[in-house]
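*Asks:* So the chains spell out like this:
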Amino acid sequence: MDQYLGQVVMAIGFILAILGLYGLLSQKNMIKMILGFSIFTTGVNIIMVAIGYVKGGTAPILDAEGNAVAKFVDPVPQALVLTSIVIGLGVTAMMLAYVMKLYQDKKSLNINDYKDLKW
Amino acid sequence: MLTVLAAILGIAAVVGAYYAIHNEKLTAAIIASGIVGMVSSILFLLLAAPDVAMTEASIGSALTTAIFFFTLNKIRQTNG
Amino acid sequence: MKNNALMFLTLMSVWVLLNASLDPTLLAIGAGVSLLISFAFCSKCDVISGINLSPKAIAYSFMFVFVFIGELIKANISISKRVLAPSLPINPGIVQVKTKLKSKVGRMVLANAITLTPGTFTLDIKGEDLFIHWVDVKSTDVDGATKEIVSTFEKYLEVMYG
Amino acid sequence: MDKKFMVALLVAAMAVILFPLFQSFEGGTQLSELGQYYTQNGVSDTGATNLVASVVVTYRGLDTLGEVTILFLAASIISFFLSVSKDDRIENRTVMSVTEILSTASQTLVPIIVLVGAYILVNGHLTPGGGFQGGAIIASGTLLMFLANPNHKLNHTIIHVIESTSGIAFVAIGVIGVLMMDGGFLSNKLFDLGTPGEVISAGAMPLINIFLGLKVGTELSNVLGIFVESQNEK
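Residue numbers (numbering that gives the first Met the number 0), protein chains in the order written: chain A, 0 to 118; chain B, 0 to 79; chain C, 0 to 161; chain D, 0 to 233.
Extracted from the complex, chain A is given alone in its bound form (with noise of 0.2 angstroms):
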């Protein structure tokens, strides 16, 4: 019956990450751009713990006699995730710190009205 779930997820995860990625290129605004940076970043952990699925696996998660019970999914990209996550809300943070002080700094949240740097 589900057999297919990790398929299923995976193709969720894709969705999410070019929905994401569509968004971070094709908007102005520079809040809109960073909801789809923060979409695009659930998109890829939703993926890389799709890949660590196991058929029919629980949770790594041992009983009290330390003896594997039953079939465990893998690990390793659940860890790598968990820091994944906690670095995207730093990153995400820092994001919208340099979104206020430019605001301030021309009072616009248009992503074309800073062009200081083009040449």
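Treat the hints with caution; some may be incorrect.
Below are the BS3-like pairs computed for lysine-lysine, each with C-alpha atoms no more than 25 angstroms apart in a straight line [claimed, not checked]:
#	chain 1	residue 1	chain 2	residue 2
1	A	K100	D	K152
2	A	K27	D	K3
3	A	K106	D	K85
4	C	K101	C	K55
5	A	K27	B	K24
6	A	K105	D	K85
7	A	K114	D	K2
8	A	K114	D	K3
9	C	K103	C	K146
10	C	K80	C	K154
11	C	K73	C	K101
12	D	K3	B	K24
13	A	K27	A	K105
14	A	K70	A	K54
15	C	K125	C	K1
16	C	K146	C	K97
17	A	K106	B	K24
18	D	K85	A	K100
19	B	K24	A	K54
20	B	K24	A	K70
21	A	K27	D	K85
22	C	K80	C	K99
23	C	K99	C	K146
24	C	K103	D	K152
25	C	K55	C	K99
Residues from chain C that keep clear of chain D, each with C-beta distances beyond 12 angstroms, as calculated [to be verified]:
#	residue
26	M0
27	T9
28	L25
29	A39
30	I68
31	I78
32	A84
33	L87
34	P88
35	T114
36	K125
37	E153
38	E157
Just so you know, the hints here were simulated from the structure itself, not pulled from any lab data. What you are looking at is a predicted structure, and each value in this text was computed from that prediction instead of being measured. Each residue gets a CB set at the ideal place from its N, CA and C atoms; glycine is no exception.
Following the hints, position chains B, C and D against chain A.
*Replies:* Below, chains B, C and D alone, put in the same frame as chain A:
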């Protein structure tokens, strides 16, 4: 059964992401992206990753949304 | 000091419920953590000390749970009827009611009980006035609305929280 | 037109790059070699029953150190950009009034949320949880505190003391592991491994988890505090 649940949650996540990217109102867009975080946390739980689900539930849906709203409030203050 | 002690006991019971074990090591760790939290976050909180601990109040607390569940079922049935009826017999509006409760916890529990029963929703509290969104407004004046919405719960909460 | 075409091209390229990954994914019938090693030897190596925590804290401990460093850098940059000088600060900002319900409820809820965070920290090596999760939950307690009282001031001295102490302790445990044992950086053979399933077991892992959680929690609370205080400018 879990596959069907995952598919329904996935539709919610994709609609939320589309709404977050295409809505003109920033407040609604930020709430929609919070929904994406919440739904993806349940997806992690379905993939047998409770550790990741816990982190995503508190960071992806609560803290990120709050920081976006603080930024929005500051921008409105600067404006008026 | 009394507030801190009460907060410590609350946190300790939550800790035991979370761990579901009476292992001495865990209890010691929990005691240390609860002591730290109760002094760090509870410097001037007066919430828990508002609870009345007399036997009558405890009996009323149990009764309140049953009264609340009864109200919940009644309100759910009435709202389901309204939703399923094709004519949609609703008459929404915001009413103002008055509460006699003085303690903050009592007012919080009252507001949450009103919100949790379907059909009524607490929007705000200002002093002793509660502003409530009501799906089927039966009376617009303050006294009538108070009698309809608040008095069922207030009778018990007055004893529980003084 | 030109720009839209480029965006469409980039998104399509991304989709083309990702598609083979989807196609070659057979739903995972067995673990990778590394995953197999961790599942078979995780308990005898580390003494912890939560394999994810043992990977984060022990096997890939150096990566975790890097992650904490990145978080610290991000927090420093944010505080550099958003810190408000004394002259520009409004002392008691008038905000939209907070309802009495929220401020009353937060008085009981904040301690309980922080207690749940502590529970997840302490049991990180046995049940799902660990340093990052506990820290994130403690930070959400701080968020509730700020929502209930927007003029609340974090005690920056205490936060910085906790943050730097736990950071130094984290590195110190790692270095002691290199110097005294042959286990390498962040070896948890510092203490006796004990019996798996007990609270005091898995060597240095509970200790590392607690320091990691305190560091992450105070760091995220600090970021939140800076964002809230930046609203008080001018």
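*Asks:* Within a Cα-Cα threshold of 25 angstroms, do A/K27 and B/K24 meet the stated pairing?
*Replies:* holds (14 angstroms)
*Asks:* Is the nearest Cβ of chain D still more than 12 angstroms from the Cβ of C/T114?
*Replies:* Violated: least Cβ distance 9 angstroms, not greater than 12 angstroms.
*Asks:* Please verify whether C/K146 and C/K97 have alpha carbons no more than 25 angstroms apart.
*Replies:* holds (9 angstroms)
*Asks:* Hey, A/K114 versus D/K3, does the alpha-carbon distance stay inside 25 angstroms?
*Replies:* It holds: about 19 angstroms lies between the C-alpha atoms, which stays within 25 angstroms.
*Asks:* Does C/A39 really sit off the interface, with its C-beta more than 12 angstroms from all C-beta atoms of chain D?
*Replies:* Violated, since 8 angstroms does not exceed 12 angstroms.
*Asks:* Sort out whether C/K101 lies within 25 angstroms of C/K73, counting only the CA atoms.
*Replies:* Not OK: C/K73 and C/K101 at ~28 angstroms, beyond 25 angstroms, violated.
*Asks:* Decide, holds or violated, for the assertion that all CB atoms of chain D are farther than 12 angstroms from the CB of C/K125.
*Replies:* Check fails; 8 angstroms does not lie beyond 12 angstroms.
*Asks:* Please verify whether A/K114 and D/K2 have alpha carbons no more than 25 angstroms apart.
*Replies:* holds (16 angstroms)
*Asks:* Is the Cβ of C/L25 more than 12 angstroms away from each Cβ in chain D?
*Replies:* Given a closest Cβ separation of 6 angstroms, the condition is violated.
*Asks:* Between D/K3 and B/K24, does the CA-CA distance stay at or below 25 angstroms?
*Replies:* Measuring from Cα to Cα gives roughly 23 angstroms; hence the hint holds.
*Asks:* Given the hinted pair C/K80 and C/K154, is their alpha-carbon gap at most 25 angstroms?
*Replies:* violated (28 angstroms)
*Asks:* With a cut-off of 25 angstroms on the C-alpha distance, tell me whether A/K70 and A/K54 pass.
*Replies:* holds (9 angstroms)
Taken one by one, the earlier hints fail for this structure at numbers 10, 11, 15, 19, 20, 21, 22, 27, 28, 29, 35, 36, listed in ascending order.
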